[in-house]
Structures are given as structure tokens and as C-alpha cells.
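Whenever a hint applies, use it, and build me the whole structure from the sequences.
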Amino acid sequence: MKTLQPKELLAGTPLEKDLTFSAPWEARAFAMAARLSESGICTWDEFRRHLIVEIDKGDKVRAHGWVEDGDGYYTYFLRALENLLREKNLVDASALELKMRAITEAGHDDHEH
Amino acid sequence: MSGNHVTVPTGAALRVKALEALLEEKGLVDRAALDSIVDGFETKVGPRNGARVVAKAWTDPEFRERLLENATAAVAELGFGGPEGGHLVAVENTSKVHNLVVCTLCSCYPWPVLGLPPVWYKSFAYRSRAVRDPRGALKEFGVEIPEKVEVRVWDSSAEQRYLVIPQRPAGTDRMSEEQLAALVTRDSMIGVALVRARA
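Protein sequences, first through last, are from chains A and B. Residues in the first sequence are numbered consecutively from -5, following my numbering. Residues in the second sequence are numbered consecutively from 4, following my numbering.
Simulated from the structure, these hints should not be mistaken for laboratory data. Positions of the beta carbon are idealized from the N, C-alpha and C atoms, including for glycine. Wrong hints could be hidden among the right ones.
[To be verified] Mimicking DSSO-like on lysine-lysine, the simulated pairs with C-alpha atoms at most 27 Å apart in a straight line are:
1. K82/A / K93/A
2. K20/B / K82/A
3. K51/A / K20/B
[Claimed, not checked] If we take Cβ atoms under 8 Å as the criterion, some of the chain B residues that face chain A in the derived model are:
4. L17
5. L26
6. K29
7. F44
8. E45
9. C109
10. K125
11. A161
Here it is as C-alpha cells:
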């Protein structure tokens, strides 16, 4: 629908393709944050505060002339979600590491069988 | 600091999978609820909702007034809303004022009427430039606002999110609400485009 691309604005960010999410994990991360606030485990504003911190860190990197791969937004989003869950004592870093390892190992086992 | 565990972007899918599994074990999320949120944003909620709101405001003066008065309640009349829409504010473009919406700190956006924001809306360039140099930013979208028209920039927050009601293009008097809705673009409801009548 849009014929003119804002070239300079888009410098360093992928061209708009009107995709809601560019990878399934982005959709799952978004849905988890939305669900947690929908069910009252946190408020969206609490999540937003973490998101702002992560985006601000990314902005400082960009302002220094080093642009991260892709638009980075959901990377910040995921970090914010992890920080929120840690703050709420719901998921700590070591539990997450253990679960990641378990999933990876289960994946390898599946391939061997 | 909790180590370097957030610095490997290739591991994002794995991290998310692990998080979901942990939250599921705690009974805080379930797969079906997450599926339905994703499906909603991918297939149901999107700028078509906002276009219907705008077309109705163009054709129904009483609805337009209700929309300007209390947009959250007015869009609920059309069945649009949700727990995370925040307080919606409709701002109207006129021959004297052009409205532009941004979220300078993150990505607040009127989900129930526009869905999720486009990539550029979340970009550093747009967020940093829309407030500092709105006319310049608009030019890059191909929109030149005459000097005599005031440009108002609205910075969104979790509590307050904005929907621009673009100006109805000339020569559309005979069009139905549905035909008008088809002219309204997402970008025009953010304020970075004007609505044009198709030849």
C-alpha cells in the first residue's frame, strides 16, 4: 500500500514487510508478556519499564555508530521479560540455564533414537 | 550482572522455549492461551479495525464526537478493545493541524485498532527523530506538511495510546463507509501518511 520508503529512517533496520513477527520465538515471547499482564501476574507497565531499560541500552549502542543485527527489538523484549521474571522471583537465571540444557539434551536424545 | 546468558541472539528460540516450559510448569501460562494471543495478533487484530473506526468517524458525526470524547468507549462500540489496549485517544487531522504518533521510549501502540507496530515505528531513527524534527521525518515518508499547518507530536505511553483520524480526501462524498475504510492505511493512522482517494 505504501509507495514511498522512508530511506533514511530505515537505515540499519530491515525493510518493512508487514510481518507481525519475523520468527516464531518473537511471537511466543510477546504472547508470554501479554499473558502475564492479562492474568495480573504483572502489569504491562511493569514489563514496559524493563523494556525501556533494554531499548535504551540498545539506543546507546546505536548512537555510538554500532548497529546491531536486525532491528533487535525482540532481543530487547526477551531480555526485558527475563529481567521481569527474575525481579518477581518467578524464573531465575540458573533455572533457565538448566531448562535450556535439558531441552538441548532431550533434542539430542531424540536424534540418536 | 548475571553472566553472559543474554548475549547470544542465536539462542533466542531456545531461551524462549525454556522460559515457556518453566512458566507452564508453574501454571502461569498455558500453550492454548499463548496460541490464541499469537493467532489474534497475526490474523484478527490489525489496522483494518482502525480503518473501520476512521470511516465511521467520517460518515457518522455523532460517532466522531464520541470518538474524540472517549476513544476507548467509542471503539468498543465496534467490538474493538482488550485488556492491554491502554487508554485510547483519537486525534483528528484538520486543515490546521497534523498529528503524528510516536513512542520515544519503547513501542506503545494502540493494539486493538492497529495491531502490533511496524518495524520502523520501533526503530531508533524514528523514535529519536519524530519529536526532534517531525517535519523532516514526515518528509522521509513522502509527506510534506505546509508551514501554516501545525504539526503535533504525541508521545505514547502504557496508559495513553493514540489513533490519528486522517483527513477525509476530497471527492469521496459518494463513497460508502466500507469503500472509505478501504482507503485508510495503517500509516495514515500513525500520522506518517495522508489518505488519498483512488482514481
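Right, here's what the structure says about each hint:
1. K82/A / K93/A: holds (18 Å)
2. K20/B / K82/A: holds (19 Å)
3. K51/A / K20/B: At roughly 25 Å apart (the allowed maximum being 27 Å), K20/B and K51/A satisfy the hint.
4. L17: holds (5 Å)
5. L26: This interface hint holds because 6 Å falls under the 8 Å limit.
6. K29: holds (7 Å)
7. F44: holds (6 Å)
8. E45: OK, holds: E45/B within 8 Å of chain A, min 5 Å.
9. C109: Nearest chain A Cβ about 5 Å off; hint holds.
10. K125: Status holds, d = 5 Å.
11. A161: holds (4 Å)
Violated hints are absent here; each numbered hint is respected by the structure.
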